[in-house]
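**Student:** Each chain, written out:
Protein chains: 2
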Amino acid sequence: MSSLSESQHDSYLCRVAIVGLGTVGRGVAEILWQHGKENNNAVQLAGILERNQENPNLADWVQRDQSLLYYSIEDLLTDPTIQVIVETVGGQTFARELIRKVLESGKDVVTANKDLMAVHGEELLAIAEKYGRQLLFEASVTGAIPVVRLLQDYFHVDDIEKVSGIFNGTSNYILTEMEQKQLSFEIALRQAQDLGFAEADPTNDIAGYDARYKLVILTYLITGIWLAPEQITLEGIEHLEPEDFVYASRMDRRIKLIGYLRREAQNLQAFVLPLMIPRGDAVAEIGGSTNTVSIQGRFSEEISMVGKGAGSLPTASALVADLEKISRGFRLYSHRLVKQYRLQPFEEYIFRHTLRITVKDKPGIVAQIGKVLAEHEINIYALEQLPQYHQKNGSHPVIFTITLEACQEALLRKALEKINKADFLLQPVSVLREIA
Amino acid sequence: MSSLSESQHDSYLCRVAIVGLGTVGRGVAEILWQHGKENNNAVQLAGILERNQENPNLADWVQRDQSLLYYSIEDLLTDPTIQVIVETVGGQTFARELIRKVLESGKDVVTANKDLMAVHGEELLAIAEKYGRQLLFEASVTGAIPVVRLLQDYFHVDDIEKVSGIFNGTSNYILTEMEQKQLSFEIALRQAQDLGFAEADPTNDIAGYDARYKLVILTYLITGIWLAPEQITLEGIEHLEPEDFVYASRMDRRIKLIGYLRREAQNLQAFVLPLMIPRGDAVAEIGGSTNTVSIQGRFSEEISMVGKGAGSLPTASALVADLEKISRGFRLYSHRLVKQYRLQPFEEYIFRHTLRITVKDKPGIVAQIGKVLAEHEINIYALEQLPQYHQKNGSHPVIFTITLEACQEALLRKALEKINKADFLLQPVSVLREIA
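Heads up: the sequence lines are chains D and Z, in that order. Going letter by letter, the first sequence gives residues 1 to 436 in the working numbering. Going letter by letter, the second sequence gives residues 1 to 436 in the working numbering.
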């Protein structure tokens with residue numbers, strides 16, 4: 001192979017300070033430090049600010065290069081040799097204030113803070129535009145999977161008809177364990193916590209908030225519209241029972257927590273819901289803590305991306321990719337926003353619903369439910385009551401499961417209102433959906 | 001939802017002419033035409049040149065807008081209102097000359113021509129750089145899967161340790177059919193031809209040349225090095241037999257034609273080979289004509305992308321993405337080339353080999369082969385001779401299959417040299433590999 005001389009390098013030097021030395025901040029520092037050992041790196045680690053002097057990650061950096069350490073935001077903001085701040089503090093109040101100040105001081109910002117971007121992205125991007133600075137947030141959506149970049153720079157976003165996928169690794173890990181090992185939700189969650197896949201307070205992940213923040217950001221990238229998170233219908237995975245997975249398996253389905261955005265003409269459909277997915281569908285086969293994002297284009301057919309959506313280094317690598325983008329002289333590109341949209345009410349969506357019905361056994365229950373469904377002209381697609389299903393003696397609850405033919409959410413709700421009043425129910429009917 | 005006014009658009013007008021109105025060229029014309037009906041499109045269809053006036057795709061455009069039609073390259077080159085040429089002529093001689101002339105005339109070029117880029121990419125990119133023009137080729141590798149863009153603009157390519165995947169849809173379709181329907185190669189190929197998945201002369205796809213061209217381009221994007229295609233070890237899929245798939249299935253494997261590039265320090269490993277892949281590995285589950293590319297980063301773990309690698313509109317959508325990139329004022333970014341590499345000789349690679357041995361049955365064959373393997377200190381991992389395996393009477397050939405423990409290719413070759421001399425062989429031993 002021929003020997004090759006060093007080629008010119010047309011990017012400019014980009015000196016970076018990291019604020020917040022938690023899991024992700026430490027990862028960014030490590031990657032930039034490793035890159036620093038190689039030649040020709042436009043992105044340079046130039047500062048670290050961690051307000052908590054007890055943070056154990058600090059000790060490493062005190063040893064490696066004490067001159068990197070900053071002790072106040074003001075020192076960073078007024079240092080003209082720093083061009084970019086990586087915000088890895090997390091949370092909303094302090095981080096929002098920090099990013100605002102950094103942009104106003106004439107520096108660029110790179111962040112992984114999905115909550116903040118989902119709730120205050122519109123405001124912060126406006127500040128960035130006003131000061132001619134950049135605010136990049138690739139790492140805020142599915143970690144190292146480069147979906148933000150692709151939607152910002154690559155796809156003709158007007159051609160995108162659908163974005164969907166598994167946006168949260170913790171809940172996917174729990175769902176995978178529940179299915180494969182027939183665990184209860186509680187045990188799968190505790191196991192995920194023991195292994196470090198779930199936090200002590202797992203609400204953000206298991207109730208779907210995290211996935212919804214990401215969907216808000218994706219919706220912005222595709223439509224130019226910032227939805228408020230609460231506008232997006234949300235259901236988590238806490239209410240799922242082992243029985244749901246057993247039934248899904250017999251229906252040749254898996255259960256996945258899916259973030260979903262669909263555009264049809266002026267209508268937007270958006271939700272985060274646990275869905276039944278036919279096995280063999282690519283997304284059904286994504287197990288463990290892996291994330292996936294699929295983009296359905298008008299012309300490109302479906303493109304899917306799969307990778308780790310979290311973790312110190314995968315998330316940090318996405319932040320570093322944003323830093324490289326800045327170092328390459330990226331020009332802020334305004335969203336080509338020309339359309340107005342109507343967010344369709346959830347009641348208009350059409351699903352194939354599966355009902356898990358837990359009852360005190362007595363004669364006539366199926367007939368009674370069947371009657372209500374028929375009154376609403378909802379057809380039954382499949383029905384199952386296993387003999388002595390999860391019963392140890394006759395007095396235990398009986399669970400049976402009905403899958404309905406596709407119908408509008410509104411129609412199902414009307415029927416459920418009636419069914420849920422029945423005295424034989426031991427708990428309200430639980431609903432699992434499948435895209436029709 | 002709030003109503004939103006049209007935001008500023010900071011991209012500049014980019015008037016495009018398409019040369020070659022075949023399957024892909026027609027797709028590009030169609031997409032640009034559709035986009036043209038919407039507001040605010042920076043990329044405009046401004047010309048079509050198809051030298052063959054008998055081309056049936058021309059009729060549509062004569063009807064739609066005759067003013068788009070050009071009749072000579074010179075007219076296009078000298079038209080100052082055209083900024084970019086989309087080359088969808090294919091082939092090497094004419095296309096190479098065309099691209100050179102276009103770049104010299106001060107226009108940018110977008111192409112899907114993988115053969116041309118793999119063989120003459122270095123020369124053509126040098127011409128583009130000399131004239132300060134752009135030569136983009138996203139569509140040349142796996143169609144709508146945006147891997148070229150990601151490697152050029154996004155990933156810190158020095159961090160990439162491995163790129164691998166299924167780069168050819170035709171051969172993957174044939175392999176999937178052979179496996180699922182126990183077809184012979186010939187029948188699966190004919191079926192693919194009937195369905196339009198394979199060309200009348202399928203050599204480029206089934207012998208692996210197409211996948212190898214793509215691997216040459218990926219290697220350049222990651223290392224800055226242009227390998228000659230012939231430097232990359234290549235084996236196609238024509239020699240595979242139904243027996244290979246039956247055995248693979250019993251080993252819980254599938255067979256995929258894999259393009260593979262690995263970098264370890266200064267060493268490069270590169271090949272295109274049919275490989276045994278454990279089921280459950282994401283790449284094993286990619287069936288039909290779908291493509292996939294996986295990128296293994298030092299920090300990002302593995303990211304995989306899946307989508308259609310060919311077809312009129314998917315390929316055209318990648319060309320259009322390049323056009324949009326140009327319209328957004330993309331700056332040519334030289335490869336950050338600082339390293340020298342050594343392309344490791346294939347003999348140094350380590351695989352787990354599976355041998356399909358077709359013999360005239362007689363006593364002592366296993367002992368004889370076992371002895372040769374032992375002399376070379378190659379261990380047997382699994383061995384199988386099914387009773388009356390594919391035999392209709394005693395005189396028919398007997399096939400048995402041996403999977404060896406991982407060893408260097410060189411060692412296997414030495415052993416095979418001996419084994420292939422045995423008089424009981426009805427054909428040379430067939431080898432299938434698996435990454436150890």
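The hints are simulated quantities; they were obtained by calculation from the structure and are not laboratory data. Note that the structure is a prediction, hence the values are computed from the model and not measured. Please note that the accuracy of each hint is not assured.
Copies of the same chain look alike in the list, so a pair counts if it works inside one copy or between any two.
As a list, the in silico EDC-like pairs of lysine to aspartate or glutamate whose alpha-carbon atoms are at most 20 Å apart [claimed, not checked]: (1) K371 / D158; (2) K414 / E434; (3) K421 / D361; (4) K414 / E347; (5) K362 / D201; (6) K181 / D75; (7) K37 / D159; (8) K339 / E38.
**Student:** Honestly, which of those hints from before does the structure not fit?
**Tutor:** 1, 5, 6
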